[in-house]
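Taken in sequence, the protein lines are chains A, B, C and D.
Reading the first sequence from the start, the letters are residues 5 to 325 in the working numbering.
Reading the second sequence from the start, the letters are residues 5 to 325 in the working numbering.
Reading the third sequence from the start, the letters are residues 127 to 470 in the working numbering.
Reading the fourth sequence from the start, the letters are residues 127 to 470 in the working numbering.
These are calculated hints, taken from the structure and not from any lab test.
Since this is a predicted model, take the numbers as computed values, not measurements.
Where hints are given, some of them may not hold.
Below, a sample of chain A positions facing chain D; criterion: calculated Cβ distance under 8 Å [what the hints assert, rightly or not]:
no., residue
1, Q32
2, F37
3, S61
4, F88
5, D183
Glycine residues also receive a C-beta, built at the ideal position from the N, C-alpha and C atoms.
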Amino acid sequence: MSITYLEAIREAQAKALREDPAVFIYGQDIAKFGGAFKATKNLARDFPGRVLDSPISEDAMMGMAIGAAIDGMRPIVEMQFADFSSLAFNQIINQAATHFWRTGVPCPLVVRLPSGGTAGSGPFHSQSVEAIYSHYPGLVILTPATVGDAYSMLLEAITLNDPVLFCEHKFLYYHLKADRLPEDRLPIGKARIVRSGLHATVVTYSAMLHESLRAAVELQKDGYEIEVVDLRSVKPLDTDTVLASVARTGRLLAVGEAFPWGGVTAEVVARVASEGFHLLDAPPRRLNSKDTPIPYHPNLWSVHRPTAASIESAIRELLKQ
Amino acid sequence: MSITYLEAIREAQAKALREDPAVFIYGQDIAKFGGAFKATKNLARDFPGRVLDSPISEDAMMGMAIGAAIDGMRPIVEMQFADFSSLAFNQIINQAATHFWRTGVPCPLVVRLPSGGTAGSGPFHSQSVEAIYSHYPGLVILTPATVGDAYSMLLEAITLNDPVLFCEHKFLYYHLKADRLPEDRLPIGKARIVRSGLHATVVTYSAMLHESLRAAVELQKDGYEIEVVDLRSVKPLDTDTVLASVARTGRLLAVGEAFPWGGVTAEVVARVASEGFHLLDAPPRRLNSKDTPIPYHPNLWSVHRPTAASIESAIRELLKQ
Amino acid sequence: MMHTATITGGAATPTITSERFIEGFRWMLLSRTVEDKISALYTAGKIVGGVYLGRGQEAFSAALAMALRPGRDIFAPLIRDQAGRMAFGEPVIDTLRTYLGSVLGPMRGRDGNIHRGMPSNGVPAMISHLGSTISVVCGMLMARRFRGEQGIVGAATIGDGGTSTGACHEALNLAAVEKLPLILAVANNQFAYSTPVSRQFACENLADRACGYGMEGHTVDGTDLAACLAVFEKAVSRARSGSGPQLVVGKLLRLCGHGEHDDASYVPAEVRTRPENRDCLHAARQTMLENGWATPRELETMEAEAYETVQDAVSRAQRDPVPDASRETWAALASHWLIEGGKQ
Amino acid sequence: MMHTATITGGAATPTITSERFIEGFRWMLLSRTVEDKISALYTAGKIVGGVYLGRGQEAFSAALAMALRPGRDIFAPLIRDQAGRMAFGEPVIDTLRTYLGSVLGPMRGRDGNIHRGMPSNGVPAMISHLGSTISVVCGMLMARRFRGEQGIVGAATIGDGGTSTGACHEALNLAAVEKLPLILAVANNQFAYSTPVSRQFACENLADRACGYGMEGHTVDGTDLAACLAVFEKAVSRARSGSGPQLVVGKLLRLCGHGEHDDASYVPAEVRTRPENRDCLHAARQTMLENGWATPRELETMEAEAYETVQDAVSRAQRDPVPDASRETWAALASHWLIEGGKQ
Ligand SMILES: Cc1ncc(C[n+]2csc(CCOP(=O)(O)OP(=O)(O)O)c2C)c(N)n1
Ligand SMILES: Cc1ncc(C[n+]2csc(CCOP(=O)(O)OP(=O)(O)O)c2C)c(N)n1
Ligand SMILES: [Mg+2]
Ligand SMILES: [Mg+2]
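Produce the complete structure using the sequences and hints provided.
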């Protein structure tokens, strides 16, 4: 048996619906239709009345989920694309994120954000939004890169008493497969060393993990041992694991698919520079997308985002220094 | 004669209205009433039909400005508080910011964002939003810290053919005074070395410039010469001026009033670590607000944000390393 | 589906007993007394932050809350609902503690003035962004529905200006699609801060929006306590009995500045003096006397009692400890183990 | 203020000449032909990205655009407006270039399919976020008003689902307050992607929202070309003559999937077969024959001409250069000197 990243997300939701009557799912086209990506396929059938189609009202969808959450439910909201969460932005950062701190009443909910670029999707169906939400206090931002994490992190997210933004990468939905769902699970907040190495550390997350691993395999051929760290959650960000890796390798490249100004790569490099300055044998580097909207045409898109090739050459630069 | 930061903003708008018939201003309570902070006082009287009260509709206010901008006008939108721009977020990052790149047609507009904390204003009337907008391609983000910059940067912003977010700090509105409006003007995109020094560089912007200068004065008493750089615009960010300063001092503290994850201080430290690694004699440091919503009570607020005192001790730490 | 775009309060039949009217009057009086005190404290520089009052809106606000069941229903007040807050069970001391910055207040100094709330008592703590709380009430109602709780009603209030927000539209539409027992009470006080309704909307009556959502609409003279009690009793009972969301629009005038920092000089004298813009408290007082529901002396006693209650709360709140930053946990997450330790 | 919540297309008097009808039919036919071709290219894997078609909405879309003056008025199409786009002046080659990823298309490969636009010709380039373009049209109309240009009309289109967005509400309200010559054409095709209108709104007729804004509302059978031509001529002339914004709701059925990836199996057969859900193109064809406005042979010629036009555009676009990343400027700012040089 083999299970995809997308199926893992569906299974996690099914398990949560089965085990906790407080869980329900709200989103556009998610009930009978099973969602634009089929992440809720059959869930409306199997859990009648608990998987509901919403109007095209991201602000109210989010506000409704917040109201249900502070009244004892554990809502899951599916945004049809992460890009549309810009319309729920206010409810997320000002209502959900501040609620526990302001009132002492927790706001346990999960917003599922189909994120990241795929060929031909263009500026409004490709965005990675982890940076803007991570900037705000009161939110947990998850960026699973594996089938196992998609499953176990979503399950754990649903049990947290805080608002969680679950950035699931569309590029991994169908491509990424595993033989089974994980028994083990690394808790939210811990990064994972996916590949150990000696010469440089690549810190990354989500789809860029796989591009980075490909780059590491290429460099292996020239005898370079590249350590690859998967952050898994970008807020909180597991600085300790990152520092431990840099302590071993002395070199750091932070890779992300999001826009270059600010964001995860800036935060990672800034933390290592501040807290692990003396561990560094060379200037830390960053690799992000280009600073333009995400192009629609694959010829442009494939150059706009980091790829195994551009990551490989960035690492080669890093190794030269 | 003496002019405040707020009056400079009003004067700049008056001059722009006088000199360019394409300029108009749109916002809540800005016409007869002159705005919540009186930044448009008398402008509706002096420029009939060009300073208009809007409904409480941030999304439509912004969309309207975008439509006018792509059709040849140069709108200025006043958000009553920067915090409410969360409701114009989608129009700003997806419509305004992408327009020139997508269509080749410029979208020249300025969004005035009364920003930052003041005592007793609480979580929703105190926010600094520069980080979230800087993350997106296609926008210019300005953070004037002086009366002169408030005036000349706003005037220059109105002439740019791009969407500009003008983060004006409410704490400076009335407190900050100058004898006259500037003749000279440093162009947008250039940082200013406000105080030159030898032992450490503080890179900051907006209201935190003044807290940092106070800290520098304190440290002067112990013989420490602290160089203080005012970024003025956080996107684009003048890395060259920052690097030149760090080259002189060998030490960097980045100070911002915004939330700690990501943002200007992360971007500054990451750039210096990547591009000026060998200029650094000590680990670069950051100082931001605490990672909670902005407290309403002054006892909490004064500890939540960086102050001259907390900046001073951060610099002392930095000098010890 | 019934589209009653304009039921006038008067026509909304439930007749109001003297007991009910007197109770409403007492809440209005207490509200006015609390707010006069807060206003005085503000002038004296004793208040932390801004002050926004509900003068002239006490009848509309109290009547809404009185139609609800404290502890069981949901009431989401906004900035002019001091009367409704108290009628729904908020102790006067909570009001004063919040304004005077006591750490014992419901928001512990973290948030202030009109942002106070008690979600576990069915009172969400409003954020400033107008319109955003209506969908939150929808969600609380959905939660009750999921749990099979019957006959719950949730009410939110908003002003004429707040109806221009996208959030308000999305929430009303969602409530109508789910046929939720939601009451939206629109206090049309003719101004949004300084902006007159002529710059806010172009329809004749905001209640005309009801039929566009497939919900029931009601209009009432917001200065007439009896009419307000009647219209809200009717709207709430219709919502409770499954008729779906109800839009109630009250016409009145804000009898103060937007906040106490604002002299409201933009409100034309001729508007202030229009009979329909009368003070609802004076009107209710008149009704009490005319119907012999209270003698002038009894009214004085009521006023004295209200004054006592407020004075007592003020002096207690003034003795309270203020927030101490060194004791503040700075914890924005309930999952404390996920809080990033000053990693700056 | 006039509140005509339901003028039926028929009653909207301007009588339609045969010339007008035939012109409309030609746009509908060309649109259907283009979209059939794009659909075939999609199936053949020749299209970059998704494909969203306007099958069944050609009459409504073409009639709106025909009531406007290309080059002078404003037309903001959405995802089902191939017919309207062409009737407003979009060359067929622009359509094909965009879908086939030619760098010579209006979006130069930076954006695709239905996002193409020509703001300088009065055609904004839609972003995906539904509802967001309506206020942009308001702004374009404000710009014309500021410059003193008279008699301009701006039209935006939206679907039944898009009416649930806050952006749609805020823009309509703003247009009403400013009394802008805005037409909002709502194509109620009974589904938003897979979601039936019963989960989208609870009112009987979306045109009932007009009076809540103080704007005029019109309802029309979107499968009836003559009725569509008439209702838009009327609405546009009212907007042009200063009667403020107009809401026109067309009832019809989407005769394809949401996109070409979608088989629309969620649309019940009994819905597809209802007479009122007929294909507007077949109906118009019938009318042409019945009124003797065209013989069967003339119709065949028209079809052949449309086919030629499309084939020609396809083969030209297929010979076009595709985007070359090495020639891309990666410039998101018009102020090139402010662009950060790969500072990463
Ligand atoms: C979305 C949003 N924009 C702007 C503001 C700033 N603001 C606070 S109160 C107010 C006026 C509200 O008017 P109205 O809704 O009529 O309520 P009233 O004050 O008259 O009771 C404004 C503009 C806000 N709170 N929320
Ligand atoms: C604000 C927003 N949310 C979600 C989407 C995703 N989406 C694209 S089209 C669509 C359905 C639109 O339905 P409708 O408005 O009825 O137009 P139709 O497709 O029927 O023409 C959805 C949900 C979007 N584009 N914008
Ligand atoms: Mg009002
Ligand atoms: Mg539809």
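For each hint, the structure was consulted:
For Q32/A, the suggested interface contact is upheld, since its CB lies about 7 Å from the closest CB of chain D, less than 8 Å. This hint holds: F37/A has a C-beta 4 Å from the nearest C-beta of chain D, less than the 8 Å allowed. Taken as an interface hint, S61/A checks out: its beta carbon lies about 5 Å from the nearest beta carbon of chain D, inside 8 Å. The beta carbon of F88/A is positioned within 8 Å of a beta carbon in chain D (closest approach about 7 Å), and the interface hint is therefore held.
Annotation: D183/A was flagged as interfacial toward chain D, and the flag is violated, the nearest CB pair being 29 Å apart, outside 8 Å.
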